[in-house]
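Trainee: Those protein sequence lines, which keep their order, are chains V and C. In case it helps, this note's numbering puts the first sequence at residues 1 to 269. In case it helps, this note's numbering puts the second sequence at residues 1 to 330.
Just so you know, these hints were derived from the structure itself, not from any lab. Where hints are given, some of them may not hold.
Said to hold, decoys possible - Simulated crosslink set (PhoX-like; lysine-lysine; CA at most 25 Å straight-line):
| no. | chain 1 | residue 1 | chain 2 | residue 2 |
| --- | --- | --- | --- | --- |
| 1 | C | K6 | C | K235 |
| 2 | C | K94 | V | K94 |
| 3 | C | K18 | V | K262 |
Stated by the list, open to error - According to the in silico footprint, chain C covers these stretches of chain V (three or more CB under 8 Å from chain C):
| no. | segment |
| --- | --- |
| 4 | 9-20 |
| 5 | 97-108 |
| 6 | 172-185 |
Claimed, not checked - Not the full set, but computed from the structure, chain C residues with beta-carbon under 7 Å of chain V:
| no. | residue |
| --- | --- |
| 7 | L74 |
| 8 | V76 |
| 9 | S79 |
| 10 | K94 |
| 11 | R320 |
Ideal placement from N, C-alpha and C gives every residue a C-beta, glycine not left out.
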Amino acid sequence: MRRNLSLLFRLLRIQIRSQLQYPASFVMEVLSQAMILGFFFVAFAVTLSQFGDIGGWTLGEVALLWGLAEFSFGMMDMIFSGFDYDAFGPLVIKGTFDQLLLRPVNITMQVLGSRFVLRRLGKIIEGLIIFIIGLSLANVDWTLGRILYIPVLIFCQVLFFGSLFIFGATTTFWTKERLEILNVFTYGGSEIMSYPMHIFPRAIRLLFSFVVPAIFLSYFPMVYILDKPNPLNMPVFTSFLAPFIAISMFWLSLKFWRFGIKNYQSTGS
Amino acid sequence: MEAIIKADRLSKDYKIYKDHKGYLGALRNLFDRRFTLVHAVNDVSFRIYPGELIGYIGPNGAGKSTTIKMLTGLLVPTSGEVQVNEFIPWKDRKDYVKHIGAVFGQRTTLWWDLPVRDSLELLKHIYEIPSDRFKQNLDSFRAILELDAFMDTPVRSLSLGQRMRADLCAALLHDPKLIFLDEPTIGLDVVAKQRVREFIQFINAKRGTTILLTTHDTADIAKLCKRIMIIDHGKILYDGEFDELIKYYGGSRVLSVEFAEFYQDPTIDQAKIIQRDGVNVIYSFKREDISASKLIHQLSEKYRIRDLEVQDQAIEDVIRDIYENQLLYN
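Excised from the complex, chain V in its bound form (with noise of 0.2 Å):
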């Protein structure tokens, strides 16, 4: 494990210090980055503005949902790019999977160091803005609890998102094309974790609770930090259920990745 870890961060610092070569034009891109993202939450602003609230929920604590929800995101978007549709199909479809297998490590630990996209750090300083700011209108009454929750929630969404994309890396050993339905779960899925779920008809409330869990990792969570009364009566443990799916889900989906790797192996490309 640690030789493995080792490898990973050899990886990572050469993707990164490749990608920092020019360092001015990689600066203005995160920057307009986090601000074309931004925008999206400046109208939204401007349109609760003229409501007071969104299914009883402040523009200060939607910000604290959308915050959080960029932010793990991005760091997921930044650590699992290997991961990632557009840089995953290829491999396989090309041949180049062979590769991996034809190297004496861990293969997880050599598609996490296949790519690392830094430029996702615009989402990341965008998700962390709106979370300040959310942070600042809210009224949060902060307990130790509450606070220790906040970066557990963070790694929880990370895991949750990161799993989703395995799940979907795993899919082309057998499609060998982009499955666009999976877009749904992984980018409607932060979507959705942006905005206080109750607000949502049944029908997408169950996709996102039963599915895809996603709902357990923000909206729940979330009325307990913000005390908020839960008008979809769920029981009180619900909230604190987010470990527990985020471990599950990653650890499932690196059972079917394992199982994906097998099949590739005795069907080959």
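Fit chain C to the given chain V structure using the hints.
Mentor: Below, chain C without anything else, positioned relative to chain V:
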């Protein structure tokens, strides 16, 4: 001597799935699994011994790559067994691949965006090569493969010949006892081919590395390999000395003549006209029927000759004959 590779009754079937295109095509591919079965490798057995340099040849789709993939552990056979040293390639993947090297002519092992130097440096860590050994090997390969000119060039900007040389170096830095070379000369110009061949010869002769070489270029085989295996339709058709094969199935020679004037019927006993274009005539004859000097003597007695040239039948033609006429099937 104990064989380094033992393959026994090795078979691989592929399922070729029906491919759906277009809207929802990818999703349908996931659930609609109708297929046809293809026997890519069919009951193949062989032994390869330490220090051998074996040519593994056959037409496209014959089963070469599938065999190599099974030997390198990339593919699990449908049935049969492979053992390389003490390893079963697909079972002991991580331990096994430490001991082998592989170069695939069509794709690179190196990191596309990294300079050659960094790529090699990474391999040092991946294979845990001791620093002094790494340096020794690198110095020696750099000199023979003339890598210095492009050590700091990113792999994506290398020419095919340069990339191949870098890949060869990369595959050998960890001192593998056995290497697989799949089409290492494909697409290279004459000079680059020659350089690659010399290097292959060098590592086989000087380091005793066992080499399994697949190629379409029969000149590679003729220059490098004592023993060849020919595979077609998933079956091994021939496993033996290359010279034997040529002696047995080849042996035709070719005499190209340019006559000083046009002859209506320039026939001659014991030789066959295979091509004719004005004063240029090409004869084919068998070594055991008539010697070249005798044939030339007879010709020059009957006709006035401006120029001539004798050649052995191209090895390529012999091999093509074997494929096309399925000479080895009986």
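Trainee: Run every hint past the structure and note whether it holds.
Mentor: Against the structure, the hints:
In summary, the hint linking K6 (chain C) to K235 (chain C) is supported, as the alpha carbons are separated by about 16 Å, within the 25 Å threshold. Taking the CA atoms of K94 (chain C) and K94 (chain V), the gap is about 22 Å. The hint holds against a cut of 25 Å. Distance hint between K18 (chain C) and K262 (chain V) is fulfilled; the C-alpha atoms sit about 21 Å from each other, no more than 25 Å. Proximity of the segment 9-20 of chain V to chain C, defined as three or more residues with a beta carbon under 8 Å from a beta carbon of that chain, is established by the 4 residues found.
Requiring three or more residues with a Cβ within less than 8 Å of a Cβ of chain C, the coverage given for the segment 97-108 of chain V holds, as 8 such residues are present. Counting residues of the segment 172-185 of chain V whose CB lies closer than 8 Å to any CB of chain C gives 8, so the stated coverage by that chain holds, three being the minimum. Contact between L74 (chain C) and chain V, as hinted, is supported at the beta carbon level, the nearest pair being about 5 Å apart and thus within 7 Å. Taken as an interface hint, V76 (chain C) checks out: its beta carbon lies about 5 Å from the nearest beta carbon of chain V, inside 7 Å.
The beta carbon of S79 (chain C) comes no nearer than 12 Å to any beta carbon in chain V, farther than 7 Å, and the hint placing it at the interface is violated. With its C-beta approaching chain V no nearer than about 5 Å, K94 (chain C) sits inside the 7 Å limit, and its interface hint holds. Interface restraint check: R320 (chain C) against chain V, minimum CB-CB distance 28 Å, threshold 7 Å, status violated.
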